[in-house]
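Engineer: Chain by chain, the residues run as shown.
6 protein chains.
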Amino acid sequence: MKRIAVYPGSFDPVTYGHLDIVKRSLELFDQVIIAVLSNTMKKSLFTADERYDMLMKVTSVLPNVQVDIFSGLLVDYIKNKSAIAIIKGLRAISDFEHEFQMALMNKKLNPKIETLFMMTNEKYLYLSSSMVKEIVELKGNVLDFVPSYVSKKLKEKLNLN
Amino acid sequence: MKRIAVYPGSFDPVTYGHLDIVKRSLELFDQVIIAVLSNTMKKSLFTADERYDMLMKVTSVLPNVQVDIFSGLLVDYIKNKSAIAIIKGLRAISDFEHEFQMALMNKKLNPKIETLFMMTNEKYLYLSSSMVKEIVELKGNVLDFVPSYVSKKLKEKLNLN
Amino acid sequence: MKRIAVYPGSFDPVTYGHLDIVKRSLELFDQVIIAVLSNTMKKSLFTADERYDMLMKVTSVLPNVQVDIFSGLLVDYIKNKSAIAIIKGLRAISDFEHEFQMALMNKKLNPKIETLFMMTNEKYLYLSSSMVKEIVELKGNVLDFVPSYVSKKLKEKLNLN
Amino acid sequence: MKRIAVYPGSFDPVTYGHLDIVKRSLELFDQVIIAVLSNTMKKSLFTADERYDMLMKVTSVLPNVQVDIFSGLLVDYIKNKSAIAIIKGLRAISDFEHEFQMALMNKKLNPKIETLFMMTNEKYLYLSSSMVKEIVELKGNVLDFVPSYVSKKLKEKLNLN
Amino acid sequence: MKRIAVYPGSFDPVTYGHLDIVKRSLELFDQVIIAVLSNTMKKSLFTADERYDMLMKVTSVLPNVQVDIFSGLLVDYIKNKSAIAIIKGLRAISDFEHEFQMALMNKKLNPKIETLFMMTNEKYLYLSSSMVKEIVELKGNVLDFVPSYVSKKLKEKLNLN
Amino acid sequence: MKRIAVYPGSFDPVTYGHLDIVKRSLELFDQVIIAVLSNTMKKSLFTADERYDMLMKVTSVLPNVQVDIFSGLLVDYIKNKSAIAIIKGLRAISDFEHEFQMALMNKKLNPKIETLFMMTNEKYLYLSSSMVKEIVELKGNVLDFVPSYVSKKLKEKLNLN
Chain A
2 MKRIAVYPGS
12 FDPVTYGHLD
22 IVKRSLELFD
32 QVIIAVLSNT
42 MKKSLFTADE
52 RYDMLMKVTS
62 VLPNVQVDIF
72 SGLLVDYIKN
82 KSAIAIIKGL
92 RAISDFEHEF
102 QMALMNKKLN
112 PKIETLFMMT
122 NEKYLYLSSS
132 MVKEIVELKG
142 NVLDFVPSYV
152 SKKLKEKLNL
162 N
Chain B
2 MKRIAVYPGS
12 FDPVTYGHLD
22 IVKRSLELFD
32 QVIIAVLSNT
42 MKKSLFTADE
52 RYDMLMKVTS
62 VLPNVQVDIF
72 SGLLVDYIKN
82 KSAIAIIKGL
92 RAISDFEHEF
102 QMALMNKKLN
112 PKIETLFMMT
122 NEKYLYLSSS
132 MVKEIVELKG
142 NVLDFVPSYV
152 SKKLKEKLNL
162 N
Chain C
2 MKRIAVYPGS
12 FDPVTYGHLD
22 IVKRSLELFD
32 QVIIAVLSNT
42 MKKSLFTADE
52 RYDMLMKVTS
62 VLPNVQVDIF
72 SGLLVDYIKN
82 KSAIAIIKGL
92 RAISDFEHEF
102 QMALMNKKLN
112 PKIETLFMMT
122 NEKYLYLSSS
132 MVKEIVELKG
142 NVLDFVPSYV
152 SKKLKEKLNL
162 N
Chain D
2 MKRIAVYPGS
12 FDPVTYGHLD
22 IVKRSLELFD
32 QVIIAVLSNT
42 MKKSLFTADE
52 RYDMLMKVTS
62 VLPNVQVDIF
72 SGLLVDYIKN
82 KSAIAIIKGL
92 RAISDFEHEF
102 QMALMNKKLN
112 PKIETLFMMT
122 NEKYLYLSSS
132 MVKEIVELKG
142 NVLDFVPSYV
152 SKKLKEKLNL
162 N
Chain E
2 MKRIAVYPGS
12 FDPVTYGHLD
22 IVKRSLELFD
32 QVIIAVLSNT
42 MKKSLFTADE
52 RYDMLMKVTS
62 VLPNVQVDIF
72 SGLLVDYIKN
82 KSAIAIIKGL
92 RAISDFEHEF
102 QMALMNKKLN
112 PKIETLFMMT
122 NEKYLYLSSS
132 MVKEIVELKG
142 NVLDFVPSYV
152 SKKLKEKLNL
162 N
Chain F
2 MKRIAVYPGS
12 FDPVTYGHLD
22 IVKRSLELFD
32 QVIIAVLSNT
42 MKKSLFTADE
52 RYDMLMKVTS
62 VLPNVQVDIF
72 SGLLVDYIKN
82 KSAIAIIKGL
92 RAISDFEHEF
102 QMALMNKKLN
112 PKIETLFMMT
122 NEKYLYLSSS
132 MVKEIVELKG
142 NVLDFVPSYV
152 SKKLKEKLNL
162 N
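Residue numbers (our numbering), protein chains in the order written: chain A, 2 to 162; chain B, 2 to 162; chain C, 2 to 162; chain D, 2 to 162; chain E, 2 to 162; chain F, 2 to 162.
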């Protein structure tokens, strides 16, 4: 039986921190599905399609990675995909708390679904999608934080080219 | 002298976690006033009146509970009600920090007012009004988290019936 | 019915931070029992009897306060005393976490027992019995932190007079 | 060589907590530049010019203080001003985490820039600009928290005079 | 290729919280090795052999579980066992911090070794081996927290039968 | 006037994390005094003299650094040295809390003394003297964490050569 894990998130946009988690997850599972949250209630800079497109581009070299867009309850999505785990990266205490509550809630909604937490690489501890967006808006260089394709899309989006 | 405690909050909407705190407070005080924040600055899904109505319905069986709407400074409200304590439920570290600052500020504004913290029941650690709203929006079942009357009102509000 | 609360602790020795919690508890309950932990497993500078003696001295002016020594499970002690609540003072996040686990465990051992948390007065946020002991050992003045009787006993104990 | 530090922030509006940090910084550096963030993306009650004006008024008696408005990346600003350090005040754990990430990110963007953290005075632990605004909106008195000039401006802004 | 995970710990003694993590790990890996730390520097109530014996007894019904004693560096042990991950259970913020540092250090010592964190079941959030020992010493009942065999061994060890 | 800062600690033994803080402090102050705590109450692997010796060796190339041993109250030591600040490195939330309490206490004991916190370099976030000792005891290599002289002394001390 193929062991499938789902790595859900906004990926608005994907950073090297996210890609590090994806690569490490591939050592543990047969397939990793990157699931882009298409949540109409949460504001995002990029549309779900644009976020999907960036993820496809920057993960094209990684085997066993699938990119997908999902809406609805995460626990239902996991079940439909026959996945055995949710993957989450942790950077800080506040991440931990929020994710802890989410994991307990998801376990309540479906006791069979497991959430696995990976510590963010120390190199990316300071990194978040929102910080990257802020730096681009302030005309800073983000090539240390995101792939060049993502950097280009960020500049286009923010009309800075 | 009657010992009165005030349990303030948004209750947008009331959950089983809130009701657990109310019931436990009744063991300690002669009367518990559930005080609905009518704060025009803070966005809420339900109006103050709707939140009041739901609280009235779900606490009707509890003796010595009063539901009220308040605006203005909490410390003034406490004083007007001749209450001796503010009741707060704590779930997590971030709750703790924010509530800690609020309690210090309230003590500064009126040194006679005491804030008492109760730990949330472990069964409701993952529970918050915002999570309940999110689950309903994603068409999930929330009957484990809120009374059926509240679940019905949530579905009506979000036009999901 | 008399409302009794128990304020348990090591009190090794009692500080102004502890006394502040006692005084504030008296506004909420008819009687407050300060319960000195006589735990042979935990090292203390003062014996349980010495800690009891100091508490008696410094609370003699407070009405409705009782000092006691206890061993065994706290939940059994609470029940025997017909108390309705355990009082705890919180200073910091690490206090919070430990006390949170203790409160959940005590609720598991006896669901009827409630733990109430009070925020430490901002004046005493930095204060702990161990800091006071350390300062006395380093020959510093602790009269801002403990009553003079306790300061005298600390110096005697540490052979510094 | 003159040692210059930059104290960046929103100062929306300046509180006694901020002024305490400024005064203490002056003991350590030859000059302190209070740098008002003019961030069009972040909503503020007062315009950058109004915040600048209030800071000028309330720091006029302090020698070696300069008030400035800045936009763009903080690390670039620091470099242009030939400053050797960023000053930050910490109140709580959540401050700490966010500031920790910012400090690591700024060090990544320019390894020569040092962030120094000062603990907020215990008297101002509960104090934040947003709490002050909330109290004024609820018609409370904030003269313990901000200079009278700032209190007056707050009331004007919120049309409460 | 068989996917092996190592679940290291003191297990002094094993609790239902540990067993819950083991069972959930078995859903994710082909084999789980429970690795008892035989650390002569750290004081334990039970010897490594006694802790091993208790784990063997209480996991005998679980397929694909191996119990082992190890000393030396965890990263070397993982490599020798050809394991792909270290499993850790998280209960609270302080666990998180310590484990975060350990995970970063282990990654530094061997970049190929992954640490996976699982949230402790809400039912066991308050549970720790040291709390269980304390309750037995105070003659409380721990059958809700550990298997009866472990409870018996605890009483024997503490000469309480 | 020469600006002097004191960097106090156990340094049992000094690590690259400590040295990073020293070097960064030298950019801000005219002189940095590394003050080794000679606390007879706190157990240490190395004597105060041995810790002093190691610090002297590994800081010999750094200008404006002085190494010293001190006992007694830190605030008195600071005053005697005419220092204007205490330097502390922060790695994690638990560091933060403890240091926060120490800083408030020291300010209470002497309001003129300022504590400045620097974030530990991300490269050394996982690093502590106790982890280094543990790795050496388990025969691991610590040359990435401490200078070779310190590594040699650690092996001698633990009779591992």
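A portion of the hints provided could be inaccurate.
You can't tell identical chains apart in this list, so a pair holds if it fits in one copy or across any two.
Said to hold, decoys possible - Subject to a maximum C-alpha distance of 20 angstroms in a straight line, what follows is the list of computed SDA-like cross-link-like pairs (lysine to any residue):
(1) Lys108 x Asp54
(2) Lys140 x Met103
(3) Lys43 x Lys134
(4) Lys108 x Ile70
(5) Lys140 x Leu110
(6) Lys3 x Gln67
(7) Lys43 x Ser149
(8) Lys44 x Glu123
(9) Lys3 x Glu51
(10) Lys108 x Glu28
(11) Lys109 x Asp69
Keep in mind the hints are simulated off the structure, nothing from the lab.
Engineer: Could you run down the list of hints and mark each one as holding or not?
Structural biologist: Results of checking the hints against the structure:
Taking the shortest alpha-carbon separations for Lys108 and Asp54, neither the intra-copy value of 31 angstroms nor the inter-copy value of 31 angstroms comes in at or below 20 angstroms. With identical chains, the CA atoms of Lys140 and Met103 are at most 20 angstroms apart between copies only, with a shortest distance of 17 angstroms across copies and 35 angstroms within one. Proximity of Lys43 to Lys134 under the C-alpha cut-off of 20 angstroms is found in both arrangements, the shortest distances being 16 angstroms within a copy and 13 angstroms between copies. For the homomeric pair Lys108 and Ile70, neither the shortest alpha-carbon distance inside one copy (22 angstroms) nor that between copies (32 angstroms) is at most 20 angstroms.
Proximity of Lys140 and Leu110 under a CA criterion of 20 angstroms is satisfied inter-copy only: 12 angstroms between copies versus 43 angstroms inside one chain copy. In this homomeric assembly, Lys3 and Gln67 come within 20 angstroms of each other (Cα to Cα) only inside a single copy, at 14 angstroms, whereas the closest approach across copies is 23 angstroms. In this assembly of identical chains, Lys43 and Ser149 lie within 20 angstroms of each other by CA distance neither inside one copy nor across copies; the values are 26 angstroms within and 27 angstroms between. In this assembly of identical chains, the alpha carbons of Lys44 and Glu123 never lie at most 20 angstroms apart, being 28 angstroms within a copy and 31 angstroms across copies at closest.
For the homomeric pair Lys3 and Glu51, neither the shortest alpha-carbon distance inside one copy (29 angstroms) nor that between copies (38 angstroms) is at most 20 angstroms. Taking CA atoms no more than 20 angstroms apart as the test, Lys108 paired with Glu28 passes between copies only; the shortest distance there is 14 angstroms, against 25 angstroms inside one copy. Proximity of Lys109 and Asp69 under a CA criterion of 20 angstroms is satisfied in neither setting, with 25 angstroms inside one chain copy and 32 angstroms between copies.
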